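Take a look at the letters that make up each chain.
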Amino acid sequence: MSPLLQGIITILVGVFGCVGYFYAANLVLDKVIFPARGPHAGRNINRATAVRPWLFLFPAIAILGIYLVYPVVGSFVRSLYNRAGDEFIGAGNYATLSGDPGFQTALFNNALWVLFVPAAATFIGLVVAQLTDRLSWGNIAKSLIFMPMAISFVGASLIWKFVYAGDPDIGIINAVRDVIGLSPVDPVQIPFWNNFFLMFILVWIQTGFAMVILSAALRGIPEETIEAAIIDGANPFQLFFKIKVPQIMGTIVVVWTTITILVLKVFDIVYTMTGGNFGTDILPSYMMSFMFRDDGRATAVAVVIMVVVLPVMVWNIRQAQKEMR
Amino acid sequence: MDNIAGRNNGLKWAVNISVVLLVVAWLIPTIGLFVSSFRDRDAITASGWWQAPFAVELTFRTRADDAEPRRDGDSWVVEGNIFQTSEVADAFQSGGAEITGFGVIGREPARFPAGTEGETRDGGALTVNADGSYRYVTAEEPDDRGLRVYFAANTPPDFTLDNYQTILTAQTADERAAARAGGATFWDLLSDDEGVFRNFINTFTVTIPSTIIPILIAAFAAYALAWMDFPGRGLLIAAIVGLLVVPLQLALVPLLNLHNQIGIGQSFLGIWLAHTGFGLPLAIYLLRNYMAGLPRDIIESAKVDGATDFQVFTKIILPLSFPALASFAIFQFLWTWNDLLVAKVFLPSDDASKVMTVRIADDLLGSRGGDWGILAAAAFVSIAVPVLVFFTMQRYLVRGLLAGSVK
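So the protein lines, in turn, are chains A and B. Here the first sequence is numbered in numbering that gives the first Met the number 0, starting from 0 and rising by one per residue. Here the second sequence is numbered in numbering that gives the first Met the number 0, starting from 0 and rising by one per residue.
These are calculated hints, taken from the structure and not from any lab test. Remember, it's a predicted structure, so these values are computed and weren't measured experimentally. Using N, Cα and C, we set each Cβ at its ideal position, and we do this for glycine too. Be aware that one or more of the hints could be misleading.
[To be verified] To give an idea of the interface, some chain A residues facing chain B are shown, with a C-beta separation under 10 Å as derived from the structure:
hint, residue
1, 46
2, 63
3, 93
4, 107
5, 111
6, 113
7, 155
8, 184
9, 186
10, 188
11, 189
12, 190
13, 191
14, 195
15, 307
16, 311
[Unchecked claim] Per the computed footprint, the stretches of chain B lying under chain A, defined by three or more beta-carbons under 8 Å from a beta-carbon of chain A, are:
hint, region
17, 70–81
18, 102–115
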């Protein structure tokens, strides 16, 4: 069967299956199990109301349970076993990891990514949001800077492969160097700094995201505070740094953490640009080098990533609970 | 506001200029890829894409075989036009090229400037003019194959769809011409399993069910979390927020093993399920936030009028939540279309079932690493769809981002 046909059938089965499930489950609940008539009509209605939420939630909870909760536990358990998965070795995989220079490089680079990418993307995004705020063609400018968000990491890497190419007739960076009279270099092979050239690709993608959110936040600042500052004689820079930025600090933190989480997941850029060579490995790409080969170590790396994400997760939950109260 | 204080003309100019610079800097890489995808590989390596609208100097080699040698006194003379010689005639069909230099050995293809006389290896004299006309005088009778001539020519810019046709069908221009001559239609060529067109279709096959199915499941759950009262609701919402940030990497190994055990293995069904699972937290979160903001009056009056929860959901909540549904659909579409990790792990690794991203990252970058035209065209095919969706649906995307920006 061709995948295309299979896809159409899946859509039909999925859509009708879902609708059918919800409709039939409701019908059964109201008409068969707890019918709203007979001697216990009132009690039955109450019971049906108590059960219904779980009916609505059941498919979601089942899928989330299998596809997100189980793997967290499953990965942790698997990381305690050896390569073949038949022998319990406790923290063996973690011990091997901590002794592996490749892992240390990946961890160090990941720390660089986590520090640099969110900071750079948020900062540039904030600057663009402020600059375009009162511009007549601001929306066009924003939409063009936002555009890389739609491009895949693989596509973006290819785009930047052209920019970084060593041949001065292909790579624009080396073309500029050529004009100045410098010899061509391959940016992705310069030790240490190549990390930043890779990071910039992600900054290029994420700046639009930061800009859109921060631009909305800037618009939400009460006009009176700005007017008051202007009357008090604040210059544009004071206005921006002392009046506007403090008022949108909450949003800046949200943008920052969102990008941080993303950084910890992205393996595509390193994978396509260097394949982890030239000392550019990060945890997600380091994990991929064990995927399909040594599940024990791959899951151990995944657990390390999870541990790094954990504080952000807790913070997010706290924020969400605060909002709900 | 603009005319009050804190803003002067100079600053306005500075702002305008810096925004222009930023936009240009942000666009240049993409434009480079776009332009390169329409140039053939020789032109790409000969000059930068920013020079694409101008003529490029390329070197060619050919044989002076378009005219018969004739006797002139005690020497032989060949006169003809270099652009019409058999080896390069195809490349100069459109005309407009101009010869800058020529030579007779491969090491120095442009040793003599156009219009001057150069000495050939057999002691003869060769003159090639800028317009391509040449005159070759030699003492011995030239052989049938003609004199080997190298030359450099300014070739006018030539934009071609050849790269796109080559990657979509996985056949070179010559192979395509042969197949067409054999009676194959372009559609036959596209249907070839080797071509990227197959991967393009695969991407759609992965993306569309992965976008539609989570929406339905999430919508019901979001309604329950927003408008139904039951014990444990707060805990569930907190759990959803927590699951939003679970790194995908964690899910790969256990889920693949699970799929293998229950017989799904690496297949389209597996990746649909995986994308559904990974997309659900964001879907529920976005939709719940949106639904919770809907006016309470509407829902309560509907209930007073005797509507059941199911009816309230399908007749009132679902139509009202359209903007949120649209924003999630766009997110999920972009995310699944652009995904590399999930596709690498959950789809089989043969060429016929790869999606675009995997094909580009694993295949084209590896084996076609040096063929920039092909790479650019392939990348652009994969970028075009999401960018189109992005520009047409930007409103919903922005709204979704603002509603709940955690993924």
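Structure-based check of all given hints:
1. Hint on residue 46/A is violated. Least Cβ distance to chain B is approximately 12 Å, over the 10 Å limit.
2. Checking residue 63/A against chain B by beta carbon gives a least distance of about 6 Å; that is within 10 Å, so the hint holds.
3. Interface hint status for residue 93/A: violated, as the beta-carbon distance to the closest one in chain B is roughly 15 Å, over 10 Å.
4. Restraint check, residue 107/A versus chain B: the minimum CB separation of about 18 Å is more than 10 Å; hint violated.
5. Look at residue 111/A: its Cβ only gets to about 18 Å from chain B, farther than 10 Å, so that hint breaks.
6. For residue 113/A, the interface hint is violated, since its Cβ never comes within 10 Å of a Cβ in chain B; the closest pair sits about 13 Å apart.
7. The restraint placing residue 155/A at the interface with chain B holds, with a minimum CB-CB distance near 8 Å, inside the 10 Å limit.
8. Hint status for residue 184/A: violated, given a least beta-carbon distance of 16 Å to chain B, over 10 Å.
9. Nearest Cβ of chain B to the Cβ of residue 186/A: about 13 Å, over the 10 Å cut. The hint is violated.
10. A cut of 10 Å between beta carbons decides the hint on residue 188/A: the least distance to chain B is about 15 Å, and the hint is violated.
11. Because the beta carbon of residue 189/A sits about 19 Å from the nearest beta carbon in chain B, more than 10 Å, this interface hint is broken.
12. For residue 190/A, the suggested interface contact is broken, since its CB lies about 22 Å from the closest CB of chain B, more than 10 Å.
13. A hinted interface residue such as residue 191/A counts as satisfied when its beta carbon comes closer than 10 Å to some beta carbon of chain B; here the least separation is about 23 Å, so the hint is violated.
14. Below 10 Å, beta-carbon pairs count as interface contacts, and residue 195/A has none with chain B, the closest being about 16 Å; its hint is therefore violated.
15. Proximity of residue 307/A to chain B holds as hinted, the smallest CB-CB distance being about 9 Å (cut-off 10 Å).
16. Given hint, residue 311/A at the interface with chain B, holds; its Cβ is 6 Å from that chain's nearest Cβ, closer than 10 Å.
17. Given a C-beta distance limit of less than 8 Å, the hint that chain A covers the region 70–81 of chain B is violated, as 0 residues qualify and 3 are needed.
18. With 0 residues bearing a CB less than 8 Å from a CB of chain A, the region 102–115 of chain B misses the requirement of three and the coverage assertion fails.
Hint check: violations occur at hints 1, 3, 4, 5, 6, 8, 9, 10, 11, 12, 13, 14, 17 and 18; the rest are consistent with the structure.
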